[in-house]
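Sequences listed follow chains C and E, in order. For what it's worth, the numbering used here labels the leading residue of the first sequence as 5, then goes sequentially. For what it's worth, the numbering used here labels the leading residue of the second sequence as 12, then goes sequentially.
Mixed in with the good hints there might be a few duds.
So the derived list for chain E, only partly shown, Cβ under 7 Å to chain C, looks like this [as the list claims (entries may be wrong)]:
1. Lys41
2. Ile43
3. Phe44
4. Pro69
5. His70
6. Glu71
DEER-style ranges, computed between Cβ atoms [to be verified]:
7. E:Val73 to C:Glu109: 50 to 58 Å
8. C:Glu304 to E:Val119: 50 to 58 Å
9. E:Glu21 to C:Glu196: 26 to 34 Å
10. C:Lys12 to E:Leu144: 54 to 62 Å
Honestly, the hints are just simulated from the structure, not real lab data. For glycine and all other residues, C-beta sits at the position ideal for the given N, C-alpha and C.
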Amino acid sequence: MSADSFRKYLRLLEDEDALVSFAESVSWDLEASAVTTLANRTDGEIPIFESVEETTIDAALVGDPYRGPQCRPWEHLARAFELPPGLSGAAYYEAVIDRLRSPREPRIVDRNAAPCKDVVHTGTDVDLLSIPWPYIHRGDGGRYSNLHTVVGPDPKTRWGHWSSHRMMIHDDDLASLLFLAGEQAPNLYYYEYEPREEPMPVAVVLGTEPAVQCSTEMWIPNGRSEAVFAGGLKDGPVDLVPCETNDLYVPATAELVLEGRVLPNERLDEGPFGDYFGYMNGPRRSMPVFAVDAITRRGEPRVPFCVEGTGVGYGQNSSSTLQTAAAGPDATLGLQAAGFDVALAVPWRFTSQTVWVIATDRPYPGYLHELANFIFTTWGMLHIDFFVFVDADVDPLDPRTVLTAIALEADPDADFHQFGVERMPKVPLNIYQTPDEKGSADVGTSKTKTAKAYIDATSDRPAGVSGGDEELRRRAQELLVDAGVSSEAFDLLEWGGDRSR
Amino acid sequence: MSNHYITAEEHLPNEDLTETTLQITDAETKRIFEARVRIARDPDELTDPRPLRVVAGPHEDVSEERYVELIDEIDSEGIDEDRLRRLAREQEMTSNIVNTRSDDLKVVLRYLVESGQYDSTAEALREISFQYLAENRPALLETYEDVRTEFEADPLRRALTDGE
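Same shape as in the complex, but just chain C:
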């Protein structure tokens, strides 16, 4: 049975000696995030802060719980899904893709059987500030929730749409949500609900089972439900339960659920925030208002958070791991389903979301341009700046082989392609554009535009010349044996490396 709750996932980490518990009181104000930052940078255990200062309820903070080991980021999640131990990156992708090919419908459970309803507060009993939201980076505009699933309505599925949008806490029952137009839930708000002057029902769910958090990070096709892919991923149905104050369904085993409405024509400040690029990012923007109508939770909720910005470079955090271990396999499957000869699509390990490496065959001229065009016009392209295309036999999870492919195969004159001619939408969190270049910050949408690009680091040798590769390898092996290396290590020398024979 896979880890079908956040609690079980934490126990699994504990069994693997990958969890460290802090019994002494810790402050939500920078201290919890500082400890988590160190753990993320040093590949340490995942910290759980059992006692948080100035918190009126018994609640714990968990720093970057979905983070995987730096050398094998998918490892904890593979265990959570009960995949065979020790899988290589490519084998993990294959196993996850297999699971995603068999979606499972969720199961509705009675509210009495839903742990997320152990404590229910509605109306004037709602107190958002009773939760120990962390203040994550010095200079953030406020305390944040940034590792959760935003459940919104979806006219095409009964189970709603799941996505991720950071949330800045304002007051007892108000928060602002980073809703960037161009993404599915924000589009529904800006172009459907708000013009009708109708509040959009939303639930923000924290501490979900790993399959739910993973599918939240995936680009599920419009009209399909993340809930059924989460079921496929865990190889069993996800338990859902109706909300108390609206018609949405939320994962029943969650630690904490905020039910509410995104109000029409209302805005509150959002940001600055140190986001995944690794830098503080401003200015504050006017973003839609989330008015909380109910808080339902477990008795002593475990509240997860992510120290964004620590997943760049060699560090891992929850969001960089989820990109590698969830968004990557999902994108690979999506491209294969669209008919492209893609072996693996993988986010570049050191940039979290900005660069992707795609290992692919190149069956005809113009194929890569067509592939880039497909991705940029169908995916959540706001976050991606460019792709590196490598041959299907290059492992995109291995940075050395990718850099080797770029160095050897990408002709600076012919293989660096700009795409979109400075008019493609871009998430305004980037640091290479000035506020003026990003456009007005007053509007609630992203006006940032830039060009996209791709590097063709596939080999230019025509298909069917692998014999030539073999000849080169044989020649290399001969040279190495001549230089004194034992011939036993080589497979192509018929005379066993003994040239005198």
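Starting from the known structure of chain C, fit chain E onto it as the hints suggest.
Just chain E, lined up with the frame of chain C:
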């Protein structure tokens, strides 16, 4: 609640000491709320000054210290304009007598009248109440003034009133 607050430069009024509605952050709890405030560079210009860090720049990484005086915190719900409109509408159809049913208050008000400070107990109650609200709930009065202006400018209402 702490004694130290944060706001963004873009929210500040152009003139110091102007009474304004400002979004401020409690530096200790990070609670963000709106309040009626006065801002000054010199704490001696305010009655009850508290330090206010004003952040500025594209990433709010520069700041300067000013002082703020909180006059009236606006709760998280803000002022409910719809409720004010409904009450104003209902007031058209009902008596404008406010009954306090308090012997003590009546004695005190009559004292103010008999000592020549007011012409009537009604006038005393009106003036004292409005003075209190102006000092302690200015945002409520300001919003009501807007609602009242909007209410009286309503063309249908104006046509009906003119026809009477």
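To see whether the hints hold, each was checked on the structure:
Among the interface hints, the one on E:Lys41 holds; its C-beta lies about 5 Å from the nearest C-beta in chain C, closer than the 7 Å criterion. A hinted interface residue such as E:Ile43 counts as satisfied when its beta carbon comes closer than 7 Å to some beta carbon of chain C; here the least separation is about 4 Å, so the hint holds. At about 6 Å, the closest approach between the beta carbon of E:Phe44 and any beta carbon in chain C falls short of 7 Å, and the interface hint on this residue holds. Interface hint at E:Pro69: satisfied, since its Cβ lies 5 Å from the closest Cβ of chain C, which is below the 7 Å cut-off.
A least Cβ separation of about 4 Å between E:His70 and chain C falls short of the 7 Å threshold, and the interface hint therefore holds. Hint on E:Glu71 holds. Least Cβ distance to chain C is approximately 5 Å, under the 7 Å limit. Our hint of 50 to 58 Å for E:Val73 and C:Glu109 holds, since their Cβ atoms are close to 53 Å apart. The beta-carbon spacing between C:Glu304 and E:Val119, approximately 53 Å, falls within the hinted interval of 50 to 58 Å.
Range check, E:Glu21 to C:Glu196: Cβ separation about 30 Å, and the 26 to 34 Å hint holds. One distance hint, 54 to 62 Å for the beta-carbon pair C:Lys12 and E:Leu144, holds here, with the actual separation near 56 Å.
When each numbered hint is compared with the structure, no violation occurs for any of them.
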